[in-house]
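**Student:** Listed below are the residues making up each chain.
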Amino acid sequence: MVRHLRLGAIVTAGVVVLAGCGGVGADSGQTALTTMGFGTGDEIATTRVALADKAVAPFPVKIGGSAFDAQQFLSAVASHTAPDVIYLDRQLIGTYAARGTLEPLENCIAGQHIDMDQYRPAAVAEVTLNGKVYGLPESYDNRVLVVNNGAVRSVGLRPSDINPADRTALSRVTATLTEHASDGDVSRIGFDPKMPEFFPLWAKASGVQMLSDDGLRANLDDPRLVKVLEYTVGLIDQQGGWGSVKAFRDSFDFFGAKNPLMRDQLAAYPVDDWYLNVLGNVSPNVDMTVMPFTDTAGKPVDWATGSTWAIPAGSRHKDQACTWIKTMTDAPTWIAAAKVRAAKRRAQGKVFTGVFTGNKVADKTIFSDLVKLADKPAFDTAVRTVLEVQDSAFSMPASPAGSEFKSAWQDAVNRVLSGQQKPTEALAQAQQEAQLAIDNAVRRQ
Amino acid sequence: MSTVLPEQGSRIRSWVTGFRRRETLAAYGFLSPWIIGFLVFMAAPMIASLVLSLTDYDALRPANFVGMSNYQQLLLDPKVRVSLANTLIYTVMMVPGTMVIALALALLLAKVGRRSVGFFRTVFYLPVVTPKVAVGVLFLLLFNGQVGLINSALSLVGIHGPQWSTDPLWVKPGLVLMHLWAVGGTVVIYLAALKNVPRDLYEAATIDGASAWQRFRRVTLPMISGALFFTFIVETIAGLQTFDEAYAAFYGSAASATYSSDAALFYLIYLFQQAFQFLHLGYASAMAWLLFIVIIVITAIQVRLSRRFVYYEGR
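Protein chains in written order, with the numbering used here: chain A, 1 to 445; chain B, 1001 to 1315.
If you're looking for bench data, these hints aren't it; they were derived computationally from the structure.
Cβ atoms here follow ideal geometry from the backbone N, Cα and C, with glycine treated the same way.
Any given hint could be a false lead.
Said to hold, decoys possible - On the chain B side, residues computed to face chain A include the following (Cβ under 10 Å):
#1 1009
#2 1067
#3 1068
#4 1205
What the hints assert, rightly or not - Calculated lysine-lysine pairs in the DSBU-like style (CA-CA distance at most 35 Å, straight line):
#5 A:132 x A:376
#6 A:54 x A:350
#7 A:422 x A:54
#8 A:364 x A:318
#9 A:350 x A:227
#10 A:62 x B:1132
#11 A:299 x A:62
#12 A:376 x A:422
#13 A:318 x A:194
#14 B:1132 x A:132
#15 A:54 x A:364
#16 A:318 x A:350
#17 A:132 x A:258
#18 A:318 x A:299
#19 B:1111 x A:422
#20 B:1079 x A:227
#21 B:1132 x A:258
#22 B:1079 x A:194
#23 B:1132 x A:194
#24 A:62 x A:360
#25 A:422 x A:339
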């Protein structure tokens, strides 16, 4: 019967952790500035960290690597060993800010004269809750449309025929581009709508705002959103269904020289802009066309997301933390890091496609002075396209239940993709879950 | 009552006076590491979680007493129903599957020579020590509907395999198959039980003209029914608490969580999400207690039924 007690393990773990036995990520002696959620995996990170460390020197800095882990952060906060700085998805800011876990940055911004105009407005909006800024934006991930020119031309089409503005034509083109092997398995995805992750992009392109500007009203059961979901899932169904498409997609080597564009496994799809950097690194001669994703009127639409730096309320070195995150996101820091990467790429004989940051001042210098792509017209067009669409970017408003909201719509889309629910039913459930979570979060604020 | 109370009093007195004996104190001294461990790491957290289940608590702010509302919410939450159903279905498939496969392997092992037994026992046990997270990741590679090893093997015999990792109908059977890879622990238990079956019972049955199947049905099964019952209970509890493989395969990273289908949403995964993704530790505690009750009820039924089927020598 002692075995029964095993089921208390998860609660045990949680409570033990909360009791302070598992404090991690912070220096209990508080003799150094500690960070959580950021890894120094490449030259962009190491260069910037070196400059930020210099800005707070001689105060030592301890970098807590890897991705942000909510459980690890909770443990640290509960055991009063909160890190001084955290690095996380901007969409999570509302969840933690609403609980008083994060320090509003008004004093930091005013005290250290941080120019908030240098950051992209959509990114700042994403880290602003109830009029208070809780983070300094880091990256700025945009979505654009990539077309595999070879695949499109092989069926007698032109890249411009991939047109999200004309949904009927897009369905027709998708059917033309999709290929199946003799056993019925998908051998080329004609058009991947990138569901569920790009659902907000499709929604905005169809004139639907999934969450109110104040982050307090979910709009997931909007009949127009149901239509969007029906359409995008229909695109997948006509290519063989979610099971086949997803299984095929899981077999792709996205980050290698044998990526789906080079192997002709994918004809067209919307992507995050950072993937252009991957292609520039592994497939500098890829034959592709990059275009803006558009709404049904043909107007560019860009959903911007990214990460941010924030200071936990429990930080014991708020001044140093402020200086450090200010330096990390400052234009000169980004430019210095971009120079290092550009030199490295040049030495390797590879393409440097720039760094898309949340700092528009930095981007201006990086893309005018450092990015030279005259000999790589495909990447030159790609980069210009990303820079153009940035002006039309929207972001998901910060919400006190941002994490639950995201989970609600993602789960709904997945239920429809896997055939477990119809779009109307799935989105109605998502609306109920999301609004309940928001209401509960507001009630406790 | 008048006869019971003095008896209880004498028992208590005897228990108290027992502490005066050195060997009693020594016994408790030796037991103390376990007792302290149990109190600190089991009993206290369980009591704490029971209290937390009556609160709205996010670990970041003080708990707010909400009475039974977390338990009421459990009844209304569709994902609790889905995750509980997934967990029960998985358990119903996994437990008999594990027991049958493990028993078959143990019977084979019992027939091979003493030297070979050690080798095969080790081989069968190796997957048990493989980290479950690795097993979860391996699942996605082996069970990919298009390029996975399982479907490639099936195609050799003309079978177009299902989409194990994406079709909601096949996700749980796939995970059960993956779990069967690690039946080594159960095999070892059954092998030990088989070795303890007296040989003379088989000889007597053979003399009486019993066939191989009759010897298995009438001698082997009753004689190892204690081991079978033990694994039945343990595997049922493990099934109801399944987490690692499914979490690693479908929720372990931001990318995999994006595509996770409700078909792989097991109860403990949902509990974990509520606690550490959404910071609803009070609600998660209520979920833990619901699972505790479910396991208690199922185990009680199993124990009750076992009286009919389990044979204990000497009773």
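**Student:** Is the interface hint for residue 1067 (chain B) satisfied, with its Cβ closer than 10 Å to some Cβ of chain A?
**Tutor:** violated (15 Å)
**Student:** Hint check: residue 422 (chain A) vs residue 339 (chain A), CA-CA at most 35 Å. Holds or violated?
**Tutor:** violated (50 Å)
**Student:** For residue 62 (chain A) and residue 360 (chain A), compute the direct alpha-carbon distance and say whether it is at most 35 Å.
**Tutor:** Distance ~28 Å between residue 62 (chain A) and residue 360 (chain A) Cα, so the pair holds.
**Student:** Is it true that the CA of residue 318 (chain A) sits at most 35 Å from the CA of residue 350 (chain A)?
**Tutor:** Status violated; Cα separation ~41 Å.
**Student:** Checking one constraint from the list: CA of residue 350 (chain A) to CA of residue 227 (chain A), max 35 Å. Satisfied?
**Tutor:** Between residue 350 (chain A) and residue 227 (chain A) the Cα gap is close to 43 Å, so the pair fails against 35 Å, i.e. violated.
**Student:** Is the hinted pair residue 1079 (chain B) and residue 227 (chain A) satisfied, with a Cα-Cα distance of at most 35 Å?
**Tutor:** Distance of about 25 Å is within 35 Å: holds.
**Student:** Please work out if residue 1132 (chain B) and residue 258 (chain A) have their alpha carbons no farther apart than 35 Å.
**Tutor:** It holds: about 30 Å lies between the C-alpha atoms, which stays within 35 Å.
**Student:** Below or equal to 35 Å on CA atoms is what counts here, so check residue 54 (chain A) against residue 350 (chain A).
**Tutor:** holds (30 Å)
**Student:** Measure nothing beyond the straight line between the CA atoms of residue 1132 (chain B) and residue 132 (chain A); if it is 35 Å or shorter, mark the hint as holding.
**Tutor:** violated (43 Å)
**Student:** Answer holds if the nearest beta-carbon of chain A is closer than 10 Å to that of residue 1009 (chain B); otherwise answer violated.
**Tutor:** Since chain A brings no Cβ nearer than about 28 Å to residue 1009 (chain B), farther than 10 Å, the hint is violated.
**Student:** For the pair supplied as a hint, residue 318 (chain A) and residue 194 (chain A), confirm whether the alpha-carbon distance does not exceed 35 Å.
**Tutor:** violated (40 Å)
**Student:** If you draw a straight line from the CA of residue 1111 (chain B) to the CA of residue 422 (chain A), is it 35 Å or shorter?
**Tutor:** violated (54 Å)
In the structure shown, a violation is registered for the earlier hints numbered 1, 2, 3, 4, 5, 7, 9, 11, 12, 13, 14, 16, 17, 18, 19 and 25, in ascending order.
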